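Asks: Let the sequences and hints guide you as you build the complete structure.
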Amino acid sequence: MLAVINYGVFLGLVCVHTILAAVMTRFFRLRLDTQAGWIGYSLGLSPILLFISTLVVTGGLGLGPNLGSPLVVFAVLIGLPVALGMTIDLLYVAQPEDVELPQR
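Under full-length UniProt numbering, the first residue of the sequence shown is numbered 1, with each subsequent residue one higher.
Treat the hints with care, as some may be off.
Claimed, not checked - Pair by pair, the computed Cβ-Cβ distance ranges are:
1. Ala3 to Pro96: 39 to 47 Å
2. Ile5 to Leu101: 36 to 44 Å
3. Leu71 to Met1: 40 to 48 Å
No lab work stands behind these hints: they were computed from the structure. Keep in mind the model is a prediction, meaning the values are calculated, not measured. Positions of the beta carbon are idealized from the N, C-alpha and C atoms, including for glycine.
Replies: Structure below.
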């Protein structure tokens, strides 16, 4: 029963991380006035937030399954959500040029 809960928390964390990465990517695409600056910020700041979240949930609270290697944890809980979040923002959300922002 405990294994089912651990894997449920794990899948929930992957989903939450994907949503966070997509929202952060969207924020950077809308707010930055550069051509490719949002890529650097999305690839630089998103993993830091996801890493902190991973440390709190899996380390501090002791939730989640034992995946055997820190590299696997990093790839699945940080790399995969960043890639999925950026893909969701690029493919399924309106382009920043089509969005009307309030004047600064």
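Asks: May I ask which of the numbered hints given earlier this structure violates, with the numbers listed in increasing order?
Replies: 3
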